[in-house]
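Could you build all of it, start to finish, from the sequences and the hints given here?
Protein sequence lines correspond, in order, to chains A and B.
The letter at position 98 of the first sequence is residue 130 when you use this note's numbering, and the numbering goes up by one with no holes.
The letter at position 204 of the second sequence is residue 208 when you use this note's numbering, and the numbering goes up by one with no holes.
The set of hints was computed from the structure by calculation and includes no laboratory data.
Where hints are given, some of them may not hold.
[Claimed, not checked] Within a straight-line C-alpha distance of at most 25 Å, the following computed DSS-like cross-link-like pairs (lysine-lysine) qualify:
#: 1; chain 1: B; residue 1: Lys266; chain 2: A; residue 2: Lys50
#: 2; chain 1: A; residue 1: Lys50; chain 2: B; residue 2: Lys260
#: 3; chain 1: A; residue 1: Lys223; chain 2: A; residue 2: Lys193
#: 4; chain 1: A; residue 1: Lys223; chain 2: B; residue 2: Lys260
#: 5; chain 1: A; residue 1: Lys241; chain 2: B; residue 2: Lys75
#: 6; chain 1: A; residue 1: Lys223; chain 2: B; residue 2: Lys77
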Amino acid sequence: MTTNSLTTSQGAGRAGDKVFSGAAMAAGCLILAVLFGVALFLVVQAIPALTAPAEDIQGGNGFFAYIAPIVVGTLIAAVIALVIATPVAIGVALFISHYAPRRLAAGLGYVVDLLAAIPSVVYGAWGAAFLAKEISPAYDWLATYLGWIPIFEGPASATGKTILTAGIVLSVMVLPIITSLSREIFLQTPKLHEEAALALGATRWEMIKMAVLPFGRPGIISAIMLGLGRALGETMAVALVLSSGVLTASLIQSGNQTIAAEIALNFPEASGIKVNTLIAAGLVLFVITLGVNMIARWIITRHKEFSGAN
Amino acid sequence: MSATVVRKRSALTKGQLPKFAPYIVLAVALIVGAAIMALIGFNAFGWGIVSAILFAVGLVSWSGAVEGSRKAKDKLATCLVVGSFLIALLPLISVIFTVLVNGIPGLITPGFLGTSMNGVTGAFDNKAVEEGAPVLGGIYHALLGTIQITLLATVISVPVGLLTSIYLVEYGNDRPLARAITFFVDVMTGIPSIVAGLFAAAFFFAIVGPGTKTGAVAAVALSVLMIPVVVRSSEEMLKIVPNELREASYALGVRKWRTITKVVIPTAISGIASGVTLAIARVIGETAPILVTAGFATTINNNVFGGWMASLPTFIYTQILNPTSPSNPEPSDQRAWGAALVLIILVMLLNLGARLIARLFAPKTGR
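Given below as structure tokens:
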């Protein structure tokens with residue numbers, strides 16, 4: 033039987049192909065394995081805390097009594113951050129995409145990205161040393177005049193190291209995330225829609241309301257969700273800024289705690305069952321942020337067909 | 005006889021504010037704002053806020069009176085959009101200013117970059133505050149630790165990240181595995197950094213033994229954060245390599261893996277390198293994962309595989325939270341701010357470097 037010289041194997045080349053594609057695929061699988069491993073190892077190390085007798089866990093009432101208040105604290109801080117950051121971020125995104133002179137826009141975008149480049153520990157230091165001090169007179173004012181609202185109940189913290197300050201610092205940190213994603217989506221608005229609105233005599237704001245915002249809504253929502261994921265998991269800003277304590281309704285008293293800060297503050301000195309408790313807390317945080325991020329990504333992929341060049 | 009020329013306003017420009025209207029309103033707002041602040045105690049920040057509000061209210065109501073409600077709404081929206089951009093700039097300026105003002109005294113202290121905290125105790129800090137002795141101690145050990153941990157994390161992340169992006173672009177073909185990887189890489193970018201640290205800690209606790217805290221554990225934690233960033237940026241860069249280049253190479257009988265290593269990657273290398281630099285910039289400032297995986301040290305540790313290790317972010321964190329001398333925290337604060345300044349400079353240099361790499365080594369696309 034004759035062999036066709038075109039199909040005979042050329043040892044080195046074919047082997048190289050196999051090795052290379054195998055390595056590439058292995059790397060991809062490794063990433064999936066790592067994510068799976070994150071979940072697996074957290075669960076394995078968390079189980080002792082979940083099964084331990086209630087009095088061994090800090091607080092003495094079992095794991096769920098321990099984790100519930102700090103989950104609520106985490107949510108409070110994240111909600112404050114989003115309430116502040118979302119309108120500002122959308123405004124900034126609109127400014128860069130539709131208001132700023134075309135020539136300046138790229139540079140201004142870079143300036144906002146600088147906010148994302150500053151390390152979180154520096155934000156924490158800034159919040160603790162500068163913002164908390166400057167903002168505490170405002171808390172006094174809030175406690176005096178709006179104290180009848182439960183969230184502004186006095187007496188205000190004298191140091192300003194409250195969950196509201198932590199939330200403000202967090203809002204600065206999520207701002208660039210929401211801004212850059214919304215900016216991308218605003219820039220993808222079909223030019224024809226915008227020009228049609230302007231040609232009908234719409235003002236710039238009416239054009240944005242009619243063409244840009246409806247088109248960008250799914251993008252804005254997923255940007256907010258991604259910002260939420262970041263705000264939930266951010267550690268340093270809260271660990272340095274907040275003087276933590278029990279769960280309190282008032283945002284301007286010291287108190288409350290978030291999962292991430294609780295772990296950072298206690299893990300280095302922890303031992304025994306305390307380590308497992310903190311890892312279990314990390315697992316809770318992981319599940320929450322994973323859920324938020326998956327919903328955000330799902331919204332983005334679902335709307336992928338509509339965005340882009342059509 | 006001199007005729008006076010009477011300029012009539014064109015019917016087209018009727019019902020419009022004159023071009024200089026915003027400047028007039030701005031001037032009035034600044035003056036009135038200054039007057040209000042003079043009554044309740046002057047400070048520049050409050051003056052800016054009050055003037056901005058007065059400006060917006062003044063311009064919108066004037067426009068509403070002359071131009072009608074639609075134009076007024078447009079003006080209001082413009083004011084809000086520009087205002088939000090200015091608000092976003094405030095923290096940036098404030099952070100950089102605070103770090104510069106507090107950090108420069110620390111940075112220019114002799115020996116700050118060249119000495120570690122080995123042997124520097126609270127007694128020295130008390131002396132520095134009470135008798136004006138020089139502030140001892142520096143960030144040399146932390147700087148070394150940061151460089152070693154980040155370097156090891158880069159060595160782990162870049163091959164894995166680059167190979168994954170090659171799989172996604174060259175071999176994936178939208179297969180279920182490729183789609184799953186893309187989705188989970190996106191999800192991975194959202195993992196809280198402290199959870200990545202806990203994962204690395206839990207992993208090494210289970211494999212090596214409880215309480216294992218070394219630089220290598222921190223490097224693994226940082227790679228978990230770094231890999232998705234490298235994958236995303238490299239994937240984008242490989243995607244924009246023109247298909248004609250690949251086809252030309254195949255037509256010459258070159259194998260696929262040779263095509264990738266000799267044609268595709270060299271074309272995209274500038275983008276990949278700049279993406280990797282940005283990824284390094286992202287993880288070099290991470291504090292939480294290092295805190296739970298490498299502990300803190302006050303001495304130089306050159307072995308990433310053994311013993312606790314210091315890093316710049318954890319140095320800042322511990323100096324602020326647990327000052328070396330609890331009764332006199334000022335020297336610790338000074339060192340922390342100095343370290344923060346060094347860290348920001350590092351991050352900015354990396355960002356700048358990424359831009360330079362992208363520009364200098366970009367392939368010639370012109371025909």
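- Message: Hinted pair, alpha-carbon criterion (25 Å max): Lys266 (chain B), Lys50 (chain A). Please report holds or violated.
- Response: holds, 17 Å
- Message: Hinted pair, alpha-carbon criterion (25 Å max): Lys223 (chain A), Lys260 (chain B). Please report holds or violated.
- Response: At roughly 40 Å apart (the allowed maximum being 25 Å), Lys260 (chain B) and Lys223 (chain A) break the hint.
- Does Lys50 (chain A) pair with Lys260 (chain B) here, judged by a C-alpha cut-off of 25 Å? holds, 10 Å
- For the pair supplied as a hint, Lys223 (chain A) and Lys77 (chain B), is the alpha-carbon distance within the 25 Å limit? Distance ~23 Å between Lys223 (chain A) and Lys77 (chain B) Cα, so the pair holds.
- Given the hint that Lys241 (chain A) pairs with Lys75 (chain B), test it: the Cα-Cα distance must not exceed 25 Å. Judged against 25 Å, a Cα distance of about 14 Å means the pair holds.
- Task: For the pair supplied as a hint, Lys223 (chain A) and Lys193 (chain A), confirm whether the alpha-carbon distance does not exceed 25 Å.
- Result: violated, 47 Å
Checked against the numbered hints given earlier, this structure breaks hints 3 and 4; the rest are met.
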